[in-house]
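First to last, the protein sequences are chains F and S. The end of the first sequence is residue 138 by the numbering used here, with every number in the run present. The end of the second sequence is residue 582 by the numbering used here, with every number in the run present.
Be careful, since some hints might not be right.
Derived DMTMM-like pairs (lysine to aspartate or glutamate); straight-line CA-CA distance at most 25 Å [unchecked claim]:
no., chain 1, residue 1, chain 2, residue 2
1, F, K34, S, E221
2, S, K371, S, E403
3, F, K34, S, D224
4, F, K85, S, E154
5, F, K109, S, D126
6, S, K238, F, D121
7, S, K237, F, D121
8, S, K237, F, D104
9, S, K216, F, E108
10, S, K232, F, D121
11, S, K216, F, D9
12, F, K109, S, D224
13, S, K238, F, E46
14, S, K229, F, D121
15, S, K238, F, D11
16, S, K232, F, D9
17, S, K232, F, D104
18, S, K128, F, D104
19, S, K229, F, E68
20, F, K34, S, E225
21, S, K314, F, D11
22, F, K34, S, E154
23, S, K232, F, E129
24, F, K34, S, D126
25, S, K216, F, E46
26, S, K314, F, E129
27, S, K128, F, E108
28, S, K237, F, D9
29, F, K34, S, E210
30, S, K528, S, E30
31, S, K237, F, E108
32, F, K34, S, D215
33, F, K34, S, E511
No lab work stands behind these hints: they were computed from the structure. As the structure is a computational prediction, the values presented were derived from the model and not from experiment.
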Amino acid sequence: MPKRLVIRDYDRCVGCQLCMFACSRRYGSGGLLKSAIHVRSIGGAERGFTVIVCRACQDPPCARACPEDALIRRDGGGVLLNASKCNGCRACVSACPFGAIFWDHSIEKPIICVYCGYCVDYCPYNILELEEIAYARE
Amino acid sequence: MLGNDPLRNVLYIDLTKKRFWIEDRLDLFEKWIGGVGVATQILREELTKGVDPLDPGNVIVFAVGPLTGNFPLASKTVAVFKSPLTNNWGESHAGGRSAIAIRMAGFGAIVIKGKSERPVYLSIHDGKVFFKDASGLWGLTSSRTAGRVLRELESGSGLRTIMRIGKAGRKLIKYANVIVDTYRHFGRLGLGAVFGSKNLEAIVIYGRQELPVTDKRRYREIYDEIFYKAVKSPLMKKYRDLGTAMNVIPLNNISGLPTRNLKACKFEYAGQISGESFARSVLARRASCAHCPVACIHIGALREPYVDEPYFYKTTFVAYDYGPIASIGPMLGLNNPLDILKMINLVDIYGLDAISTGVVLAWATEALEKKIISKEQTLVDFSWGDLNAYIKGVTFLVDQPNEFYKVLGEGVEFAASKYGGMEFALAFGRNEIPGYHTGPAGYISFLISARHNHSDSFGYELDLESLELSPEKTVDRLVEEEQWSQILSSLVTCYFAREIYTPTLISSALEVLGFNFSPDDLKKLGEKIHYEKYLLAEREGFRISKLHIPRRIFEVPAAKGKINEEFIRKALEYFSQKMELE
Chain F
1 MPKRLVIRDY DRCVGCQLCM FACSRRYGSG GLLKSAIHVR SIGGAERGFT
51 VIVCRACQDP PCARACPEDA LIRRDGGGVL LNASKCNGCR ACVSACPFGA
101 IFWDHSIEKP IICVYCGYCV DYCPYNILEL EEIAYARE
Chain S
1 MLGNDPLRNV LYIDLTKKRF WIEDRLDLFE KWIGGVGVAT QILREELTKG
51 VDPLDPGNVI VFAVGPLTGN FPLASKTVAV FKSPLTNNWG ESHAGGRSAI
101 AIRMAGFGAI VIKGKSERPV YLSIHDGKVF FKDASGLWGL TSSRTAGRVL
151 RELESGSGLR TIMRIGKAGR KLIKYANVIV DTYRHFGRLG LGAVFGSKNL
201 EAIVIYGRQE LPVTDKRRYR EIYDEIFYKA VKSPLMKKYR DLGTAMNVIP
251 LNNISGLPTR NLKACKFEYA GQISGESFAR SVLARRASCA HCPVACIHIG
301 ALREPYVDEP YFYKTTFVAY DYGPIASIGP MLGLNNPLDI LKMINLVDIY
351 GLDAISTGVV LAWATEALEK KIISKEQTLV DFSWGDLNAY IKGVTFLVDQ
401 PNEFYKVLGE GVEFAASKYG GMEFALAFGR NEIPGYHTGP AGYISFLISA
451 RHNHSDSFGY ELDLESLELS PEKTVDRLVE EEQWSQILSS LVTCYFAREI
501 YTPTLISSAL EVLGFNFSPD DLKKLGEKIH YEKYLLAERE GFRISKLHIP
551 RRIFEVPAAK GKINEEFIRK ALEYFSQKME LE
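Turn these sequences into a full structure, and let the hints steer you where they fit.
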């Protein structure tokens, strides 16, 4: 069954960004360069935070925007990146209405959630969840 | 350290010439790790002996450490500079997003020197510094408005830090803070005034970097060990639940809560201003520093009606901590969370230091009571618990309508040296007292710690141990603790995580980042950094013999009875010999 990441309740988010660091750590490095998830305040910490991550659209606009067919539609929603086809044009970044496609400036390629759920265990306030997508795409 | 770790890059900024450059300082980071260890060396290199703290020649160094961005709870930035308040060693630590932002922008330290001709703010990203005109922001009354404007103007939301000053910094008030990300501060020793003296309104920093490790598996293992200790063990629970405000009741119970300018050390309304009471009545949200799971930042909601319009309210969010609560609550006799939030809010709007502000106003209240000063000077009748008078007082501190308020802007010890009342001017090494009247070790630590602060040597905790220590043993314990703190503030880890970051764990964490320090090496390095700080302090005129001790502290019994002056004198003498000072 395909999976996707869901945000249970972003009002509980304290902005610690441990999910962002976890995402980069999947590659075994520190820092934030490789993170496919982003946390920012919605106009100051007092208003709370928002968590931005690929929500695995059924009909992903990023895939349609890619001129090289480097983003392959995944069963159940979302995309998989074929990096060898990507020409680094950033059309996918502009196409995502959530701003959930990030950029690795060291290789000039997009960073998109692979729905692995590694970040879930590092959220101290249980906001993130890896959900099974119950139905496949038509 | 690893050759490709960007920590080695030090960004130098000259505000006079509007120039910046990056130097490879692998030499410093390999030897001194980062944070205060490295910053001390840079300050020594850059600071001209005897420079006036508000002269363009003063230098600000911000430094982070190797653990920053790699491990949780290592998200503090150390700022060192010459303090306008003490005219000596200035060191202040702040969290928020500052440390992660500096590290992710690709730097281990940032050095700021000179003075801009006009108000300027700095935008630091992509390896560059952009000098931007801030003359429009310079006239703003509220530091909050400046924050809003900068959030709109600049990119990097979620990755950036915004450091800024308020009116107090621009007016060179010697206990002006730098506000970091609205809810954190470089507090106490007047970094805000140093910013102001350089015409530096704000700094915005952001970036995204990859940080290298030697062994990916080992890195994840050590990370998990720290993470589970921070989240699952009880070690961080008190900071998580009530935050530092949880200290109000325990300190009051042991008669350690300075009340009404320390005329008493127990506050009859402590229950109303406790961490529990704040949580019940005003706590609106908790927030974290970047890369810290604890979320100790407690933000209270201040709901206030408009007087000119019925059913019209505004809700302001104000962070509260033990320090500001103690110095504004009991010290001024304010006895409920809303009054205290109103005061903290105003102090933050102006960018003053809440602790110093409380102590200065408490001195003024007592001096007025004792008729050392008059209402002609204060312009308002201060009396304990009178919120409206103190609100006016805070505004006068920054507006400086007369000579008296100009003098108050120099700190309480200076004010008392001019008007009298030295015996109840509660400052140590010219830094106003924090909210701990616990006993001799606490006071010795305020006097001898390099930044005349409570937090590097934990004297107040030593006072509570059931030990009968000699003055010499007390100093030995305080110095040993402060020496170890130098390692934590070189890494730079949060002091709240002191029990998590043990010498062995630090040694392993550093190893995976390519540093080779055994627990014993770390201890020795801590001693060395500590000593280096005193060498610089002594060069700039620090003398044990010049320290003033207000008599008031000997008159009010602390937890274990009255504090013996002789004990403190002996301790100071011993410290002087031990450090080979003077």
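Sort out which numbered hints this structure fails and list those numbers smallest first.
4, 8, 11, 12, 17, 19, 25, 26, 31
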